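Here is what each chain is made of, one letter per residue.
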Amino acid sequence: MTQKTAQLVAPVALLALVVSGCAAMQQTYQENPKAILGGVLGAGAGAGIAALAGASPAWIVGSAVMGGLLGGFIGNRLDDRDKQMASQAATRAFEQNQTGQASVWNNPDSGNSGSVTPTKTYQLASGQYCRQYTQTIMIGGEQHQTYGTACRQADGTWKIQS
Amino acid sequence: MRIIPLWILLATTLGFAGSAQAQDQPKPYDPRAAFRETDKNSDGQIDRQEFAERIVDVFYIADTNKDGFLVVEEYARLPHSGAFKSADSTGDGHLTLSEFERIRFTQFDDADTNRDGTLSVDEVVAVYEGKKSS
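The listed protein sequences derive, respectively, from chains A and B.
So for the first sequence, my numbering puts the first residue at 1; every next one is plus one.
So for the second sequence, my numbering puts the first residue at 1001; every next one is plus one.
Everything hinted at is true.
Pairs of lysine to any residue residues, derived as SDA-like cross-links and limited to a Cα-Cα distance of at most 25 Å, are as follows:
id, chain 1, residue 1, chain 2, residue 2
1, A, Lys120, B, Phe1105
2, B, Lys1040, A, Leu124
3, B, Lys1066, B, Ala1083
4, B, Lys1040, A, Cys151
5, A, Lys120, B, Thr1096
6, B, Lys1066, A, Ala102
7, B, Lys1085, B, Asp1067
8, B, Lys1040, A, Gly100
9, B, Lys1040, A, Thr134
10, B, Lys1066, B, Gly1091
11, A, Lys120, B, Ser1042
12, A, Lys120, B, Arg1032
13, A, Lys159, A, Gln145
14, B, Lys1040, A, Thr119
15, B, Lys1085, B, Val1056
16, A, Lys159, A, Ser126
Since the hints were made in silico from the structure, they are not lab data.
What you are looking at is a predicted structure, and each value in this text was computed from that prediction instead of being measured.
Sequences are here, hints too, so could you generate the full structure?
Have a look at this one:
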């Protein structure tokens, strides 16, 4: 198995919404506003907040995400369904996962899979949240890993910081 | 002011508890599992930096509308809603991350019985079990 790592470089976008030849470009993810409501309950599913609060876990199901955290090399090897699933996983991870909790996706049709895991959460002075993350994608048995930071915008979208 | 057991407060800070893996089923709070998750460098101690990172995560998840602060309704979802007024030092009805950190680090210091500046698993478990020695 080959592991290819892009250190702390935001993936080069494939998004139709964002077209640029610059590796330092930003990507925008639309989120499903309704899904936010699942935040506390879903993220605490391990126990902690959710259990102590007596709440049942809620899941973000589906999303309005367009695009994904996909660099050009990786993105070129994924089909549209892969990209959609990867973007949904990213939204779940950014919106509701605690640090270290992976959101995974798996497309049985293509055989490809992946995960997005927040690795650190911080808040800017403006109150804006940012989350560092790792993304792992398995394509044809090869593992590709990228790292980056996504910051939540006022309109609820996420931008990958270069 | 309502008195909140320290173990509950610590549990809500350390404890998304238990599992970065299992996402579907709530599990009982496990202080040891929460400790392992918080102890990022696996040195057997939770230092203030590790604790601070955990606090931000708790705050972020609790902030359901992601507007950057907690209101009483969001705070109430944590099992210690009675503490909101005392936590909200400015009394503006909005709990900032700084205010949240302030009360959480007070709990950290209370739990750090040997005053070494870190929390051991025994200290966390002792608090959880209500057996903390004075």
